[in-house]
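Work the whole structure out from these sequences, hints included.
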Amino acid sequence: MSSSNLQKALIQTWAFVFKNWIIAKRNVFSLFEILFWPVVGFFSVGFLTSFLELDPNKTGFILVGIIAMSVIQVCQIDVAYVLLYDLWSKSLKHTFIAPVQSSQLILGSWLIGVIRSFFVFLLLSVCSSLVFGFDFWRPGIGPLVLFLLGLFLTAASVGMSVCILVLLFGYMADIAAWSLSSLMALVCGIYYPVFILPFPFPEIAQAIPLTYFLAYFRSFYGFDEGFKNVLGWGFGLAGLYVILEAILFKAVLQRARRTGALIKLSE
Amino acid sequence: MAECIIFVLPIGYMQSAICLRVTEMSYAIKAEGIFKTFRSGWWKKRHKDALKGVDLQIEEREIFGILGPNGAGKTTLLSILCTLLLPDHGNVRILGMDGLHDGHEIRKRVNVVSGNANFLWSLTVKENLHYYGMLYGLIGKEREKKVETLIDIFNLAEHRNIPFDELSTGTKQRLSLAKSLINDPEVLFLDEPTVGLDPDVSIRIREEILSIHKERGMTVLLTTHNMKEAEYLCGRIAFLKEGKILTTGTAEVLKRMVRIGDRLKIEFKGRIQEDELLRAEGVINFTISNNLCEIVVDDGERRLGSLIALLSRGDTQIKKVTLGQTDLEDVFVEFAKSTDSDMGLRV
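Chain order of the listed sequences is A and B.
So in our numbering, spot 28 of the first sequence is number 28, and the numbers just go up one at a time.
Counting the second sequence from 1 gives a position; our numbering is that position plus 1000.
Derived from the structure by calculation, the hints contain no laboratory data.
In this text, a Cβ means the ideal position worked out from N, Cα and C, and glycines have one as well.
It cannot be assumed that every hint is accurate.
[Claimed, not checked] In silico BS3-like pairs for lysine-lysine, Cα to Cα no more than 30 Å straight-line:
| # | chain 1 | residue 1 | chain 2 | residue 2 |
| --- | --- | --- | --- | --- |
| 1 | B | K1269 | A | K90 |
| 2 | A | K25 | B | K1145 |
| 3 | B | K1048 | A | K264 |
| 4 | B | K1146 | B | K1108 |
| 5 | A | K90 | A | K25 |
| 6 | A | K264 | B | K1126 |
| 7 | B | K1228 | A | K25 |
| 8 | B | K1108 | A | K8 |
| 9 | B | K1045 | A | K90 |
| 10 | A | K90 | B | K1265 |
| 11 | A | K90 | B | K1172 |
| 12 | A | K264 | B | K1052 |
| 13 | A | K25 | B | K1052 |
| 14 | B | K1141 | A | K8 |
| 15 | B | K1228 | A | K250 |
| 16 | A | K250 | B | K1108 |
| 17 | A | K264 | B | K1108 |
| 18 | B | K1044 | A | K250 |
| 19 | A | K264 | B | K1145 |
[What the hints assert, rightly or not] Now the stretches of chain B that chain A is said to cover, found in silico as 3 or more residues with beta-carbon under 8 Å:
| # | stretch |
| --- | --- |
| 20 | 1079-1085 |
| 21 | 1111-1125 |
Structure, rendered in structure tokens:
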């Protein structure tokens, strides 16, 4: 690829950062996504741990879970928004009449998601330290970066699932942008270890990368959920899902060009 | 002898290859045997045949119109040609490229304007243009210059910082036209570009389309059910009905083709000899009632003199003559109401 083509490819990717950023900036309610809901959720659960007089390790266990969930929710919704904004504005066809690749669409929206969710992480980690005395930075910068990277990859995978569902089912599927991550929270052990779940949920949890990233980070606070090579499994599964969903997204986009979904969703 | 064969064959081959290339390249758009069926319902049992074997050839720099009633398949055809939709069968070549396999390359060189323009609601005019400029890979100052030029051309300066959802319908449509030129397209697809607009705004938009075409010389494919628009803008027009192209030609050719004739309205005093009128050259049909004679003739201007002379014989006084010529609307109505077999006879 020549440098001029590379520049073009980068600016096409940046277009999706630009779009999501401008829309988020202009909509006061998007502040709720990065301030209100994460903070409300975090403090509700945090105060519940105080009321139950949990020991610091168990409090940490739960706070790691709630912060991880908030990061994933904010990041994945930006990936989903890349189609949802066009869907709601009925401008989907103009995006797909332009010579953009589906990978640029996902990557651009994921980048803005990473920025916004990193801000959420910073905010909540400071709150957890100040209000509940839980030091999120104790494992060190390396493990923290790996943990966050794992969460961002998981979020990319969830966001892509929403995009795939939107292209398959249209408006009916936009609810997935909020429900898929909540479903994941139930299975992956946000508030509890996965081994307490009834069959077959522990087995399902082992197929979800978030389970391993949570286990990895919680291990620095003295929790061992019995998983081996958690980073290998976590990144392996997350990478696999991202690649599979990228292929699936391309296929679903092609299907939408065949069925006329792109036109119907723009009317 | 062997040398001669070896020498001649490649040249012959090259010549035919070049000829083929020239033939293909002279068409900006070439579609052959396009079929499209939309399926819906849980088991895809409901289906609607939107296109039933459409062939189309559009030359470079031509403004070509696709005219047809609602549900004829105009938008489906345009969507296939601009690569938004894939046909079930058939071949599409856009600017010499395969519409089914070279979609990405084609998209770099075409653009679309649709009626009822919709863009990202909360982005301003300027931001929308920048966003689409980025999607087409325009960088930095190049994009800035292009956006400013388009804002100037389409008189959007006073709206540049207004969000899309606060714009009037006409301004939205001007933005849509501006956006469609962001990549300097070689083929521009206009899908009912003036639908829902006030007449004065429609006229302005049409003038802008003509002016862009004159200035940039791109190929334009327009779908519309507005006859005036088609006649004003298009060099050639195709009539699409129930997924089939019934005929293609200039507005004049189409008018002649349907042979519905011109209408002469003659107010008179006295008596008209009906049998003489019936035998008069060029008269297709006539009615007489209450001192008003309405005659359908093959060519109003040509027959006017002889018919007046015929009717003025004896004590008949001609008080007023009105000549109504066939317009494309009449042609449209004829095509829209006719069955396929009728059209076959007529064409």
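Here's how the hints hold up against the structure:
1. With a C-alpha separation of about 62 Å, the suggested pairing of K1269(B) with K90(A) is violated against the 30 Å cut-off.
2. Of the supplied pair hints, the one linking K25(A) and K1145(B) holds, its CA atoms being roughly 25 Å apart against a limit of 30 Å.
3. Annotation: proposed proximity of K1048(B) to K264(A) holds, straight-line Cα distance about 14 Å (limit 30 Å).
4. For the given pair, K1146(B) sits about 16 Å from K1108(B) by alpha-carbon distance, which is consistent with the 30 Å threshold.
5. Taking the CA atoms of K90(A) and K25(A), the gap is near 20 Å; set against the 30 Å cutoff, the hint holds.
6. Restraint check for K264(A) and K1126(B): the C-alpha separation of about 27 Å stays at or below 30 Å, so the hint holds.
7. Simply put, K1228(B) and K25(A) have alpha-carbon atoms about 44 Å apart, too far for the 30 Å limit, and the pair is violated.
8. Taking the CA atoms of K1108(B) and K8(A), the gap is about 12 Å. The hint holds against a cut of 30 Å.
9. Pair hint K1045(B) plus K90(A) holds up; C-alpha atoms about 27 Å apart against a cutoff of 30 Å.
10. For the hint linking K90(A) to K1265(B), the alpha-carbon distance of about 50 Å lies beyond 30 Å, and the restraint is violated.
11. Only pairs whose Cα atoms come within 30 Å are accepted, and K90(A) paired with K1172(B) is accepted, the gap being roughly 14 Å.
12. The hinted pair formed by K264(A) and K1052(B) meets the criterion: a straight-line CA distance of about 20 Å does not exceed 30 Å.
13. Taken as a hint, the K25(A) and K1052(B) pair is broken in the structure, with Cα atoms around 48 Å apart against an allowance of 30 Å.
14. Taking the CA atoms of K1141(B) and K8(A), the gap is near 13 Å; set against the 30 Å cutoff, the hint holds.
15. Pair hint K1228(B) plus K250(A) does not hold up; C-alpha atoms about 42 Å apart against a cutoff of 30 Å.
16. Our distance criterion of 30 Å between C-alpha atoms is met by K250(A) and K1108(B), whose separation comes to about 19 Å.
17. Taken as a hint, the K264(A) and K1108(B) pair is honoured in the structure, with Cα atoms around 23 Å apart against an allowance of 30 Å.
18. Taken as a hint, the K1044(B) and K250(A) pair is honoured in the structure, with Cα atoms around 22 Å apart against an allowance of 30 Å.
19. For the given pair, K264(A) sits about 34 Å from K1145(B) by alpha-carbon distance, which is inconsistent with the 30 Å threshold.
20. For a cut-off of 8 Å, the count of residues in the stretch 1079-1085 of chain B with a CB near a CB of chain A stands at 5, and the three-residue condition holds.
21. Remark: the stretch 1111-1125 of chain B is confirmed as covered by chain A, as 9 of its residues place a Cβ nearer than 8 Å to a Cβ of that chain, reaching the required three.
Taken one by one, the earlier hints fail for this structure at numbers 1, 7, 10, 13, 15, 19, listed in ascending order.
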